[in-house]
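Chains as they are written, first to last, in my numbering: chain A, 1 to 427; chain B, 1 to 417.
To be clear, the hints were calculated from the coordinates, so they are not data collected in a lab.
There may be inaccurate statements among the hints.
Selected chain B positions facing chain A (Cβ under 7 angstroms, derived; list incomplete) [stated by the list, open to error]:
hint, residue
1, Phe66
2, Arg67
3, Ala68
4, Leu131
5, Phe148
6, Arg163
7, Leu169
8, Pro205
9, Tyr379
Since the structure is predicted, the reported quantities are computational estimates derived from the model, not experimental observations.
The beta carbon of each residue, even a glycine, is placed where N, CA and C say it ideally should be.
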Amino acid sequence: MTRRVVLTGIGVRAPGGSGTKEFWELLTAGRTATRRISFFDPSPFRSQVAGEVDFDAQAEGFTPRELRRMDRATQFAVACTRDALADSGLQPGSALAGHPEPHRLGVSLGSAVASATSLEREYLVMSGSGREWVVDPGYLSPHMFDYLSPGVMPAEIAWTVGAEGPVTMVSDGCTSGLDAVGYAAQLIREGSVDAMVAGAADTPVSPIVVACFDAIKATTTRNDDPEHASRPFDGSRNGFVLAEGAAMFVLEEYGSALARGAHVYAELTGYATRSNAYHMTGLKKDGRELAEAIRVALGQARADATDVDYVNAHGSGTKQNDRHETAAFKRSLGQHAYDVPVSSIKSMVGHSLGAIGSIEIAACALAIEHGIVPPTANLHTADPECDLDYVPLTARERRLNTVLTVGSGFGGFQSAMVLQRPEGARS
Amino acid sequence: MTATSVTTPAPATRAVVTGIGVTAPNGLGTEAYWKAALAGVNGIRELSRFDAGRFPSRLAGEITDFRAEDHLPGRLLPQTDLSTRLTLAASDWALADAEVTPETLTDYTKGVVTSNATGGFEFTHGEFRKLWTEGPEHVSVYESFAWFYAVNTGQISIRNSMRGPSAALVGEQAGGLDAIGHARRTVRQGTDLMVTGGVDSALDPWGYASQLAGGRVTTVADPDRAYLPFDTRASGYVPGEGGAILVVENPDTARERGVRRVYGEIAGYAATFDPAPGSGRPSRLGRAAELALDDAGVAPGEVDAVFADAAGIPELDRAEAEAIAGIFGPGGVPVTAPKALTGRLYAGGGPLDVVAALLAIRDGVLPATAGTGEVPETYGLDLVLGEPRELPVGTALVLARGRWGFNAAVVVRAAHL
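Required output: the full structure, derived from the provided sequences and hints.
See below:
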């Protein structure tokens, strides 16, 4: 019998609000949380806008020792994990029915640039503010190895929840957040585990990452209007807005979740990933590989294109993405692409690289839960080549049974996931 | 053995290895590496890439005979870190070995899953330096994708027109086996061919210093006495660079495209994680091994050799010895660690051990754990010491651990199409 995978707990840290509730309020209000970079002086940089999280680590309950050890992205992931666990009511190691033994619980954490923030900080210390090539080993932080090799990030999650099953980091660039959850679902489905803590975190608002995207002109230059700088599908868009954030989930085998009476947000019924084998950063206009991922994910979910009630778009706000993606929707959904609401929450919270795929899964689960389609903010006049219903500016009430979310990333990764209203609640 | 497996996989597609590519400190190319491993040629030496005079350790498993321009088109050089160049060379060799060309199979039938522990670190070091000494406008247009952990998967996919399911996994030294396990999973789910494995390199001054910061690198200066896993004198490990790339296929489609020889089958895989430090609960390495054997449908008595993680740190060596003896009984199975001649290769370590295990199956010989002389009797290990040991190998278990508690195990066995 096929084992089914359900999502029973959510934790989010995103720009514009500290927790899941604030995140959902932001999305449904169509408010934007992008701003001029405040973490460092952005004036030497081409793009000076970002989605920053007002994260109060002390209020989150981290000890000084934990803060010395954990990179900012790890802190985000741990905070979200605590929330997701509490939200789900899962008690790993409990003898109660439906709760996993430690060895039947795993972790799958996505991140694109992992400990970039700490790497940069430590580099400046060791290299005399960058002057020396041969760094001074006398200034090594004892945690430097953790930042070099970010396996410590999923390890921290495993320690937080007491997981002793498979633990890994899925680092597929900007599809990491989707792929980490997809990977987790596979482990539950194949029977390797009964529950997974899965999700993603990235905190790339640091000089080196801003410079990376400056160099290839991928990020916006709308520096005089930071609140309205993330403009997916709008004709006036000129690049994405870099952001930070995290989302973590509790995923469980359906029978276990039922046994312990868990609240089910959604069932993960389909997931697929394909590669474009084309270019490390470029996209072909035809959207062929993303369309294939969508087609396969829908097939796994035994859903037809016309069953899709909402599409959460990658919608990064680069011209090439928006056109690539629009073509992929038409190719995979046919005429239904014109009828189904499609929106990008990156218009509100920016693009947090590896994290955003998980943040978008959170948005989809909450959209199903509340029957609300989040809008695409800042969309006033669509690019003529983007001619779908992108839900401009205002959220919509709509009963959602089947939701599709997609991601596209450097390295050519194209991923798609189908979430469905829990059975029994569907109609 | 604990009853942990709730589902026995239905008779599923096997996943066979049809191609191998190796970049190791003691040998470039599969046969060069294997010859060196059997002859005890040490790839550990004093770092030549920079002056490590101020560093408390100066040894590394450094690859000194790789000239990227001899193996890769010039246009790839400015956009790639050394770790990616080594990966692309290894994947070229693995695909050539498997007789795969861009026209072999098409479209979504070929995927890539690699592991990476440190990303394009030397490249990134250079870009950090440019940013902080010359300004943001001097940062390379390639930095955004030369650095991140998905770079090798992406570059292999592009270079070889592989559009199937692909991923990059990070789990320090255990991640390479996770990648091979995921490649097998992906083949069993219907993708015909996967390129998998891992290659790492971070031997620039910053990368090397960061490795020393982990506190487990030996300070012994003699290359032949520095990394002595399971020895009474074990004092830490030596970091290295390189690894292995494998082509893993569905045997049916391999046969259809005319493949006649396979190295063996990836017969089982499992991963576990150790309890939090200070919990007092024991390591889960043994459980990973048991689950992998269970996954392969192999009893401990059927295993002919174990390729150990071989941390080179007494308490970790002891834990691994206990795990092995717990499954096979004291001295119950020959154990070896050819990585004593390469250093620990992070994401490359597990895949290179899988290669060694497959070649041991092919040639009926186990390489020795070089350097190691005196193994504590309490370990209960039958460690292959001094000279290679000739014996028929039909099934081998490969173990890998990553810092912080990652455990992974792969079972390989002889296979025919």
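Now for the hints, and whether the structure bears them out:
1. Hint status for phenylalanine 66/B: violated, given a least beta-carbon distance of 21 angstroms to chain A, over 7 angstroms.
2. Annotation: arginine 67/B was flagged as interfacial toward chain A, and the flag is violated, the nearest CB pair being 22 angstroms apart, outside 7 angstroms.
3. Below 7 angstroms, beta-carbon pairs count as interface contacts, and alanine 68/B has none with chain A, the closest being about 17 angstroms; its hint is therefore violated.
4. Checking leucine 131/B against chain A by beta carbon gives a least distance of about 5 angstroms; that is within 7 angstroms, so the hint holds.
5. The interface hint given for phenylalanine 148/B is met, as the beta carbon of that residue sits about 6 angstroms from the closest beta carbon of chain A, less than 7 angstroms.
6. For arginine 163/B, the interface hint holds, since its Cβ comes within 7 angstroms of a Cβ in chain A; the closest pair sits about 5 angstroms apart.
7. With 7 angstroms as the threshold, the beta carbon of leucine 169/B comes within range of chain A, its nearest partner Cβ sitting at about 5 angstroms, so the hint holds.
8. Hint status for proline 205/B: holds, given a least beta-carbon distance of 4 angstroms to chain A, under 7 angstroms.
9. Interface restraint check for tyrosine 379/B: the shortest CB-CB distance to chain A comes to about 24 angstroms, outside 7 angstroms, so the restraint is violated.
Hint compliance for this structure: hints 1, 2, 3, 9 are not met, and every other hint is.
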